[in-house]
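**Q** Chain residues, written in single-letter form:
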Amino acid sequence: MVEAIRDAMDMMMGRDDNVVVFGEDVGFFGGVFRATQGLQAKYGKSRCFDAPINESGIVGAAVGMAAYGLRPCVEIQFADYMYPAYDQIVSEAARLRYRSNGQFTCPLVVRMPTGGGISGGQTHSQSPEALFTHVAGLKTVVPSNPSDAKGLLIAAIEDPDPVIFLEPKRLYNGPFDGHHDRPITPWSKHELGEVPDGHYVVPLGKAIVRRQGAALTVLAYGTMVYVGMAAVAETGVDAEIIDLRTLLPLDLETIEASVRKTGRCVIIHEATRTSGFGAELSALVQETCFYHLETPIRRVTGWDTPYPHAQEWDYFPGPARVGRALLETMEQ
Amino acid sequence: VIRLKNHLIARGVWSDERHKQAEAEVLDAVMTAQKEAESHGTLHAGGKPSVRDMFEDVYAEMPPHLRRQRQQAGV
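Protein chains in written order, with the numbering used here: chain A, 1 to 332; chain B, 1001 to 1075.
If we strip away everything but chain B, and leave its shape as in the complex, we get (with noise of 0.2 Å):
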């Protein structure tokens, strides 16, 4: 990144300016990003998704397979 911004200056199409600028946005959207990925909930909070999710989104179909494993484990 270091490379490219110095690059990007020399050829005088970026500035240290705009550098500063577009970090702090870039910064301000994982923030936003990552508060809103929490508000569903963390593993340290105690939230957790469902066992039974745990078998889901291996296929479209859950196969018989899966399907008896899935009741196996009780859920």
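The following block holds chain A by itself, in its conformation from the complex (with noise of 0.2 Å):
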């Protein structure tokens, strides 16, 4: 998935003079991820280049390039960081169109790795995204395989408004269903590894149907669509599994014909539960479903603790306990 990250900012690059890429390691050493690889080589240090360690520093510089015209797309090394930022993202990025009556803009990205699975304790497994949903004037962005990253990525660059895009970094080298403890598989056999050629585009705000099913909608998105399909597939709950991909602007109508379609329905995803992405998606189909649901809405989240590092298998949400609640709210 980094190399379909590398090849959208590469593509975005060639086609348009004002897209600029910076951050952290990004210029000369290519990213820690390397999705940056060999960008500077190929554009120049005026277009890919290196920053200080300073997440503010980054956002707010990318803001006022976005204002003046440039496309920047930036990369925090982890989502973890981004704390230092959040002031320039809420306060400025977010609001820089709204504040100025349309007569400034801020068509920014900002790439963020996000997510747990890869033994990086509390500073390197963070799931942010409702801090980013509950912002008004922000796009997030949360792709969970090769095409789509590319697709949304791009989508993302040539946005007018800025976009926060998470990328689940335990996907980069492959899907991940939860069992930490089986051998990895690559993308390159998996058919969603598959990435087009040149420009194309997964527009923001489309959900999309990854497994079609009839007892229950699983209302999933990054790692957690690999966790819920080994959870099916465990359990043989015939559950329909949507990939919400954008999570603002959401694409309200797929969920809807889904849970009016199963009656049933089970939000996962690996952030904290209170106040997270799962309970706006809760009330959401509260709000539109009430009256085909079977069951209550159930969600499977991170414990409300800190990313733990040495107990970090029992605070991912797993397939065991996706299973359970699968099963829970089909016995009720």
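These are computed hints drawn from the structure, not numbers from a lab.
Incorrect hints may appear among the rest.
Unchecked claim - Derived pair list, reagent style EDC-like, types lysine to aspartate or glutamate, alpha-carbon separation capped at 20 Å:
1) A:42 / A:16
2) B:1048 / A:312
3) B:1048 / B:1061
4) A:42 / A:80
5) B:1048 / A:17
6) A:45 / A:7
7) A:206 / A:159
8) A:189 / A:158
9) B:1048 / A:314
With the hints in hand, could you dock these two chains into one complex?
**A** Here it is as structure tokens:
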């Protein structure tokens, strides 16, 4: 998936001189996850460069560039390092259009590796998506596979507004279903690992049904799409699995159509539970599908603790926990 | 560190010998601390704190929602 993300930036830098890429170790080294490898050599130091270890400076400079007419696509090395930049993201990037009555805009992409499953402990494993979906003016994207990642990143760079692009880092090298003790499957052995050449767009705000099913609707994004798939395979529950792809704007139509059909809904995410994005999803499903619901909506999430190091696999909502929720929702 | 060392040596308040000695002392302190830490067990050795521990030290006093989650986790 990391190659697909690099391909998207490469493609956009080649098409549009205004696209600039920078961040910590992004230039010479090519990024700690190699997402920008070769871009500095190809496009030069004024288009792809290293920034100091200063996240507020990275996003702050990018906001200025975007207001000036460039299209910065910056990297925050881990979403966990985003907090110093949060003021720039919320107070500046998200509001520039509104504050200036449309006179200034902020077509900016902030890429961040997100989520756990890599023994990263509390400073390399967090899932802060709800901190962005709560902010008016931001769009939030979480791809789950290489093909989508490329098309969504191209759409994000072309978008006229600031987009937070959260890349589930456990998916960089292959799909991950939560079975951490099993061999890793590379993307080359997965159908969604096939990335089309050239320019294409996966539109922001469009979910996709990853698995058709009649019994229950699973709402997932990022790594949890594969955890949901594994839970379905292991429990035999005929669930429909929706990969949201974009959290905001949200494809409520796809969600509504599915829940109205199945009458049951389980929401899964890695992030902590309280005020997590699952709470918003649950409220929306309740508001739009109440008379079609056969059972209460269930959420399976990370616990409300900092992401633990030693107990990672007791924290991560893996296929066993998701599977239990599927069965409970069916038995009720 | 090298820059500071050179600066201090140039000012005559430090020397290569004292620097070597200081480096050895620091290395020894770090190794001792690491050995002590590892004597309590490492993840590679199989020792692992209990799952119950995961819910501790989030707050001084565990709020009800976290207590419920701990029960759900079965610990």
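**Q** Next step is simple, just say for each hint if it's right about the structure.
**A** Cross-check of the supplied hints:
1. Proximity of residue 42 of chain A to residue 16 of chain A is assessed by CA-CA distance (about 14 Å); at most 20 Å being required, the pair is judged to hold.
2. Distance restraint check for residue 1048 of chain B and residue 312 of chain A: the Cα-Cα separation of roughly 11 Å lies within the 20 Å cut-off, and the hinted pair is therefore satisfied.
3. For the hint pairing residue 1048 of chain B with residue 1061 of chain B, the CA-to-CA distance comes to about 24 Å; that exceeds 20 Å, so the pair is violated.
4. The hinted pair formed by residue 42 of chain A and residue 80 of chain A fails the criterion: a straight-line CA distance of about 30 Å is larger than 20 Å.
5. Our distance criterion of 20 Å between C-alpha atoms is broken by residue 1048 of chain B and residue 17 of chain A, whose separation comes to about 52 Å.
6. The hinted pair formed by residue 45 of chain A and residue 7 of chain A meets the criterion: a straight-line CA distance of about 18 Å does not exceed 20 Å.
7. For the suggested pair residue 206 of chain A and residue 159 of chain A, the alpha carbons sit about 14 Å apart, so the restraint of at most 20 Å is met.
8. For the given pair, residue 189 of chain A sits about 30 Å from residue 158 of chain A by alpha-carbon distance, which is inconsistent with the 20 Å threshold.
9. Of the pairs offered as hints, the one joining residue 1048 of chain B and residue 314 of chain A holds, with about 12 Å between alpha carbons and a cut-off of 20 Å not exceeded.
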